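> Working from the sequences, and respecting the hints, build out all of it.
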Amino acid sequence: MNTNDRGTVKVENGRYRFEGKFHYGYPNEPIRNEDGELMGVTNPRDLTHVHMYGGEAPFFEGLGQGKLLGTRCDNSNCEANGSIFIPFRIHCPDCLSKNTIVDMTETAQKGATVHTFMITERTGAFNTLPKPIRFVNVEFEGVPTILMGYLSVGEPKIGMKVIPIFNTTNPTFTILDLSWVPEEANETDLPEGYTFG
Amino acid sequence: MIKFSKRQLKTPKMQRPVYLVTGGMSKFGRSIPEKRTEELVIDAFVEAAEFIDKSPAELKEYIHSCYYGHFADHFGDQLLGESVIHDRLGLDPLGNVGIKTGGATGGSTLWEAFKAVASGYSDCVLAMGWERMDEVPTDEGNNYIASAADKDWETPLGHIYTGYYAVMAQKYWQVFGKKEDSFRQTMAEIAVKNRGYARMNPHAQGPMDITVDDVINSPVVAYPLRALDCCLMSVGAACAILCDEKTANELTDNPLEIHVAAGSHTLRVADRRDMEIPLLPNESPDQYKDLGDRFPGGDRYPGFTGFLAARMAAYYGYRMAGVIDPTEDFDLVELHDAFTISDIQTYEDIGIRPYGEGRTYVESGDCYLTNPKTGEPGKLPSNLSGGLIGNMHAVGATGIMQTIEVGQHIWGRWAEMHEDQSKWDLFGRSKPDDWTNLQVDGAKRGLAISHAGVGSHVTATILVHPDHQLERTES
Ligand SMILES: [Zn+2]
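Heads up: the protein sequence lines correspond to chains A and B, in order.
Just so you know, our numbering puts 108 at position 108 of the first sequence, and the rest follows in order with no gaps.
Just so you know, our numbering puts 192 at position 192 of the second sequence, and the rest follows in order with no gaps.
The hints are simulated quantities; they were obtained by calculation from the structure and are not laboratory data.
Treat the hints loosely; a few may be bogus.
[Said to hold, decoys possible] So the derived label-pair ranges between C-beta atoms look like this:
{"no.": "1", "chain 1": "A", "residue 1": "95", "chain 2": "B", "residue 2": "370", "range": "47 to 57 Å"}
{"no.": "2", "chain 1": "B", "residue 1": "285", "chain 2": "A", "residue 2": "95", "range": "26 to 36 Å"}
{"no.": "3", "chain 1": "A", "residue 1": "55", "chain 2": "B", "residue 2": "245", "range": "49 to 59 Å"}
{"no.": "4", "chain 1": "A", "residue 1": "55", "chain 2": "B", "residue 2": "275", "range": "22 to 32 Å"}
{"no.": "5", "chain 1": "A", "residue 1": "74", "chain 2": "B", "residue 2": "179", "range": "37 to 47 Å"}
{"no.": "6", "chain 1": "A", "residue 1": "42", "chain 2": "B", "residue 2": "178", "range": "42 to 52 Å"}
{"no.": "7", "chain 1": "B", "residue 1": "140", "chain 2": "A", "residue 2": "55", "range": "29 to 39 Å"}
{"no.": "8", "chain 1": "A", "residue 1": "38", "chain 2": "B", "residue 2": "431", "range": "29 to 39 Å"}
[As the list claims (entries may be wrong)] Which bits of chain A does chain B cover? Going by a derived footprint, with three or more residues having C-beta under 8 Å, they are:
{"no.": "9", "region": "36-44"}
{"no.": "10", "region": "111-119"}
{"no.": "11", "region": "124-132"}
{"no.": "12", "region": "144-157"}
{"no.": "13", "region": "173-179"}
[Claimed, not checked] Simulated crosslink set (BS3-like; lysine-lysine; CA at most 27 Å straight-line):
{"no.": "14", "chain 1": "B", "residue 1": "151", "chain 2": "A", "residue 2": "21"}
{"no.": "15", "chain 1": "B", "residue 1": "178", "chain 2": "A", "residue 2": "161"}
{"no.": "16", "chain 1": "A", "residue 1": "131", "chain 2": "B", "residue 2": "179"}
None of these values were measured; they are calculated from a predicted model.
The beta-carbon is built from N, C-alpha and C at its ideal position, and this holds for glycine as well.
Here's what the structure looks like:
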């Protein structure tokens with residue numbers, strides 16, 4: 001089936017403007033057992049969801065620009081006042097006031113640390129990362145939480161220093177645009193499209 | 001939150017006691033193509049009715065509201081699947097609600113059912129859970145399961161839940177397991193034990209007669225986890241009937257008091273703030289002061305190594321039931337052994353062992369029906385059903401299955417429900433020649449832990465024989 005007319009979406013005047021096709025139908029097929037008896041049917045489909053980033057949009061836009069953004073609670077009446085959140089939290093989890101966006105790129109570039117990691121050959125359908133995936137969970141100086149990510153160069157180790165790289169050439173506008181490499185990695189080691197920001 | 005108010009830590013106080021009257025379950029399998037989910041649910045319900053010598057129609061007359069646990073709508077491609085089940089059970093026009101908390105769905109379903117009776121809304125309720133994960137190929141199944149992680153921050157990373165989970169295993173393995181061969185061996189013992197116990201269970205999907213070496217030599221899934229360290233993915237159903245005291249005594253002469261408590265923690269495993277360890281009744285404030293010295297890297301709590309949700313479920317649940325020391329106060333437990341290593345982590349979260357010392361529960365032999373070191377009864381046998389590794393993990397049914405298994409021991413009816421040749425025949429499974437009765441002699445109290453993913457939800461279900469209640473103090 002030709003799916004070249006797959007849809008795109010814009011937001012105009014606070015409304016979605018859908019253009020093109022968002023679903024393609026296919027005929028179903030019977031499922032039979034070895035005796036030829038009907039057991040069930042297949043239900044094929046191909047559809048596109050849309051998803052809004054809301055207040056997290058600056059984070060995902062920032063990755064493609066080589067920036068790692070976090071947020072900070074600036075509510076002086078909150079016990080978490082001054083806490084920096086990565087993953088980016090729109091609102092403080094304690095006082096629920098709107099956090100201030102802070103650029104954490106430099107902090108991360110000075111050397112973040114691998115808290116833990118995992119290497120796996122197994123992936124689910126729709127995976128786009130090369131296998132095996134090297135998951136790393138990264139700690140930053142002065143940030144109470146840890147960030148899930150993946151290592152693009154070298155082998156992970158607990159305690160190793162890593163720095164961020166960004167898909168600035170052809171961003172996907174997803175978390176995949178952020179990856180990590182050992183702090184000694186060279187520009188030439190990076191996967192295609194990724195830069196130090 | 002990283003600090004909890006007194007109000008938040010209050011011991012739950014129910015309006016009246018709640019009793020488990022009966023329960024039943026279907027066969028569990030990786031796939032059961034010959035049956036619709038509704039048929040499996042009816043199998044479970046019929047077993048529950050027969051267990052107390054009632055016909056399904058007689059039992060239905062008592063039910064006043066219904067609680068349905070079913071996690072992954074995606075797999076069944078049917079929203080409001082609970083309504084389909086409710087209709088096929090012929091329970092209209094009773095009120096019903098669906099419950100979804102990932103791997104803890106079964107436990108959460110009991111939690112809701114329990115509160116409905118405790119509040120007085122209903123005198124008799126049905127808690128029914130099921131799951132059907134066989135209607136897509138495995139990699140699409142992995143994709144669906146991964147959508148239970150944070151869809152923007154985690155899921156695109158490989159669409160593989162194991163990856164988000166196993167980072168915790170890695171940390172525990174290195175910090176508390178110290179990457180020791182002896183720790184690896186202890187993990188493997190759990191897999192051997194649970195698969196071995198599953199051999200005595202006609203419902204079980206994954207019985208195996210294996211050795212520690214078989215586990216250690218099985219293919220790596222995500223190091224240090226190997227194929228035989230991991231739980232099953234299953235199809236099946238399980239149900240429980242909960243009542244107030246009067247109704248319970250009309251239905252059976254042997255109801256068990258039930259308590260259910262719940263805790264939670266971040267969906268994103270990495271997004272955890274450090275906090276003080278909330279203490280269980282058998283712990284003291286200073287006992288963890290040197291945890292980071294004894295286990296370098298282990299000073300963050302809950303970090304990547306503790307399940308705060310499990311800790312909190314036990315925190316509330318133990319106080320509700322008067323439990324001080326789980327090893328002394330319970331006669332058996334059913335734990336959520338999603339992976340061998342997370343089983344060890346849970347021993348610590350629920351106070352069977354202090355933080356850092358989970359492995360000693362296995363190494364002492366306490367977790368076996370018969371302690372292999374002493375030949376005496378194990379102090380606190382765990383997962384005699386086979387657990388998630390040997391029996392099943394049909395997500396919405398799992399926590400209910402665990403609770404029924406514990407109940408059957410306290411009722412002294414475990415052999416009756418597992419030995420009968422006709423059940424083995426019905427499920428198309430061959431009963432081993434060395435079939436052994438795993439009944440825990442004189443069991444009076446037990447615990448079931450139901451756990452979701454990286455620890456987003458955990459419930460603690462406690463069953464107590466009414467003649468063997470523990471003393472409860474107000475807090
Ligand atoms: Zn705040």
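> Of all the hints numbered above, which does this structure not satisfy? Sort the numbers upward.
none
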